[in-house]
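Protein chains in written order, with my numbering: chain C, 1 to 409; chain R, 1 to 409.
These are calculated hints, taken from the structure and not from any lab test. A couple of the hints might just be wrong.
Identical chains share a label here; the pair holds if one copy fits it or two copies do between them.
Within a straight-line C-alpha distance of at most 25 angstroms, the following computed DSS-like cross-link-like pairs (lysine-lysine) qualify [as the list claims (entries may be wrong)]:
1. LYS71 <-> LYS237
2. LYS219 <-> LYS403
3. LYS287 <-> LYS301
4. LYS211 <-> LYS285
All values reported here derive from a predicted model rather than from experimental measurement.
2 protein chains.
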Amino acid sequence: MNKNYLEKYAKVIVEIGINIQDNQILVINSPIECAEFTRMISEVAYKKGARDVVVNWSDEKFAKIKYINGKEEIFDNFPEWKKDLYTNYARENAAFLSVYASDPELMKDVDPKRIMRASKASNVALSEYRERMMSDRNVWCVVSIPTRAWAKKVFPGISESEALEKLWDTIFKTVRVNGNEPVEAWNKHKINLRKSMEFLNNNNFRYLKYKNQLGTDLKIELPQGHIWLGGSSISEKGIEFMPNMPTEEVFTLPLKTGVNGKVVSSRPLNYNGNIINNFSIIFRKGKIVDFTADQGYETLKHIIQTDEGSHYLGEVALVPFDSPISNLNILFYNTLFDENASCHLAIGEAYPVCLKEGKNMSKEALKAAGVNHSLEHVDFMIGTEDLGIIGITQEGKEVEVFKNGNFIY
Amino acid sequence: MNKNYLEKYAKVIVEIGINIQDNQILVINSPIECAEFTRMISEVAYKKGARDVVVNWSDEKFAKIKYINGKEEIFDNFPEWKKDLYTNYARENAAFLSVYASDPELMKDVDPKRIMRASKASNVALSEYRERMMSDRNVWCVVSIPTRAWAKKVFPGISESEALEKLWDTIFKTVRVNGNEPVEAWNKHKINLRKSMEFLNNNNFRYLKYKNQLGTDLKIELPQGHIWLGGSSISEKGIEFMPNMPTEEVFTLPLKTGVNGKVVSSRPLNYNGNIINNFSIIFRKGKIVDFTADQGYETLKHIIQTDEGSHYLGEVALVPFDSPISNLNILFYNTLFDENASCHLAIGEAYPVCLKEGKNMSKEALKAAGVNHSLEHVDFMIGTEDLGIIGITQEGKEVEVFKNGNFIY
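Model the full structure from these sequences, guided by the hints.
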């Protein structure tokens, strides 16, 4: 792995992803396998003025042992100390960095009910933390680095060390640290994303109609006052940060009850170590009324059945088929990468920041405006080479948005 | 490493060390480098009926980055969530297993003041947890497994993998899992330790007088009602457990104000990644009035200056020179092993369980009985091949306890 790129990556995460401020606390969620990189990030963050760096270590192999052997009742309980860890640091204005690297195959023998119960308990306990992140009150950033199991899944048929090397190289490319001036590259990229956002925001579409050969035939209504966002965000304290690295999407929210038709997945979805593949979902007045899946049906069912809001969509995101990550032609089995290679939707919670004044609206006001609320937020990929999207303006005028998988503005 | 021994080791820890009970919670403090072994322990514990296993991961390399780069004030603060983690599980009757494996050289460039401040803040925040452990209310157990840096320090001049292999073999021997019947071997060992305890308890010495060529010339008064303990302990709920594995010591507490003379260290002491070596301490009426150290003087000074009680002794422990770990003739730079290869004393907190009814006495009553109280409890090794110890009974009769480093009963 190129050490020079590695150092640039750490620097870009701290300076652009988190944009750490003097005397701020940084909380890092990191798999223990990623320790070396997490230590590197910590050192850069301290040198940039962080007051303290706290690491919340995790180990999915240990989690699997728990899922298989733990007593039933523990999966409905989220420990108080862990809730305090997240909530208290969030209230202290900490920045949160998640190093996401999960073995897409690890949990396939685990009862999906247990995973879903644990995930629900965690989402309930961490609701204040999650609300803060989803409304950008705190600074947050999700990144990935290779782990052995993940690299082998992405690049089967070559040795583990070659696979790791190849995944590192791929990640360095997607996060724009393989050139001389990563900061400049990111600034350029932000400007590009802004063009798409401006096109969409200026047109202020009321509907988007999706259609492709895979079987997607979907009409999505967008709420009054929706905003298309992309690239960087601004925190409550006015700090610009990059929630995802890489990021290629522009996104907004749907009107909760305004989705009708059928959508077909275009990439496998890795949900907590379980793969859901070749699935389709049918919506009527926003609600999921039917779904199928060749693989991971039970997991998809549990996601949808989490709560009322998990029967509805919360995000609509556009990524051109001809875009950097998509062009790598790699299946990542990692949503951070796959969602940035493909148009996607998300089941569940919507980002209030995608609505004008949404950050300052009460839960009731958000609900009245058609903003979906759920414990879940699960992105899934629907973009294809032949995807066409027609926008319909408030005045009923049709405008071509996507043709053959790409923007045509 | 012998997989068969490894499995036996994990089993012995869970069954004899922790003696896990049905539906009990197990908390494991584990370095991330020991993840594989910690996962194995977890699985055994679940299979033996544990309700839940919680791992509190640590990484000393990350800790070093914090010590070097963190802002001053963070070293006096112990996070609330971490206090809750320990305290709440302790109140829920959890068992606590610590996997102790530290690089003896890692912290040598770190300001010892920062380490001591962090250690003090931790001891203050965890006082309830520590009191519970030191009075055996909860079940607790300390074990070690090799890490790369530790193995290289213990066995320099051979390759890392050879050193690891050798340290594994050594540990398997000392924890009695290299035979066919580890449980039987431990039961036999408990009976042997009981013999020494009975000899000492039956004699009910008022004083112990230590002397060797190294320069130790020390007289320790033992309080009325002191008890010599060793091997297993019994928790509040009546569960037998083994606080240390390995363990070769029998131990009691000194009368706080009854220690006079000089004691010279016989093995280096690894304190949180700092070595203290070739040191001597002079006591008057129990109090440390002078000390020297060829290496680690500042660290020793900070330990002694922690609080009032860290100027006094809290533990007196006897280990024959001719005993299993001592006979390996290895310097471990790990107190769990070195203290069980050598007679030792501890600066700081005394174990209330070493006094009749001590478990049920108030803090004031313990103080009145001469039981030392401190945030610290630091064992240090003083045993030598020529160590002689004379016991003086309540009636003033002299009885030889140790001659040439060994019991002579």
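Status of the hints after comparison with the structure:
no.: 1; hint: LYS71 <-> LYS237; verdict: between (43 angstroms within a copy, 22 angstroms between copies)
no.: 2; hint: LYS219 <-> LYS403; verdict: within (16 angstroms within a copy, 92 angstroms between copies)
no.: 3; hint: LYS287 <-> LYS301; verdict: within (14 angstroms within a copy, 69 angstroms between copies)
no.: 4; hint: LYS211 <-> LYS285; verdict: within (18 angstroms within a copy, 89 angstroms between copies)
Hint compliance for this structure: every hint is met.
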